[in-house]
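Asks: As a plain string of letters, each chain reads:
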Amino acid sequence: GIQVEQSPPDLILQEGANSTLRCNFSDSVNNLQWFHQNPWGQLINLFYIPSGTKQNGRLSATTVATERYSLLYISSSQTTDSGVYFCAVNFGNEKLTFGTGTRLTIIP
Amino acid sequence: ETGVTQTPRHLVMGMTNKKSLKCEQHLGHNAMYWYKQSAKKPLELMFVYSLEERVENNSVPSRFSPECPNSSHLFLHLHTLQPEDSALYLCASSLDRREQYFGPGTRLTVT
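Chains as they are written, first to last, in this note's numbering: chain U, 325 to 432; chain S, 37 to 147.
Honestly, the hints are just simulated from the structure, not real lab data. Keep in mind that this is a model prediction, so the values were computed, not measured. Take these hints with a grain of salt, some might be off.
[What the hints assert, rightly or not] Taking beta-carbon pairs under 8 Å as the criterion, some of the chain S residues facing chain U (in silico): (1) PRO78; (2) GLU103; (3) LEU126.
Even for Gly, the Cβ is constructed at its ideal location relative to N, Cα and C.
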């Protein structure tokens, strides 16, 4: 079946470190989004990136659609970056399928 | 208000109660969605409305009843829920079924 896998499941880093989060998906995608879920449950849009590379401040993302993966890069981590990061993909229908997330903890 | 709003933010209800969750989007979008997030499970799509017509019902029990009176408002009517229905319920909207934007969620506890 259609699958979205994220790695690593958990990541603990010191403030100032860089990190790479990975999302693998099992089929061609029409839409891929990265979200940050804060401790209160709010899903915050980071990137809409079905292909290519985008950057927004300390965050950047790359999707290689032909190889069915996407990467989220966080540089110079801050404690406010803590939370769960989700990758979600749309395989051509109404449904946005979410991965199980990467829980990032930034230690001061 | 801007973006996607949801009320109430927290709700505790008994199994015999009837309540409704409300979602409103201020983005000029034409599609709206309900998702459920249970502890230790991925977000699950429940319902999709596009141009005010329901286009997906993801095998959701009938004790959950959605309503979309116009493109800016979405409701989820709840009745005779079970304790396992306790979860975070998230509303989202999009334009032409593209990038989805989420509300802050309603944390529901069924006692």
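Asks: For every hint, state whether the structure bears it out.
Replies: Do the hints match the structure? See the list:
1. PRO78: Given a least distance of 5 Å, the restraint on PRO78/S holds.
2. GLU103: Where the cut-off is 8 Å and the nearest Cβ of chain U is about 18 Å from GLU103/S, the hint is violated.
3. LEU126: Result: holds, 7 Å to nearest chain U Cβ.
Of the numbered hints given earlier, the model fails hint 2 alone.
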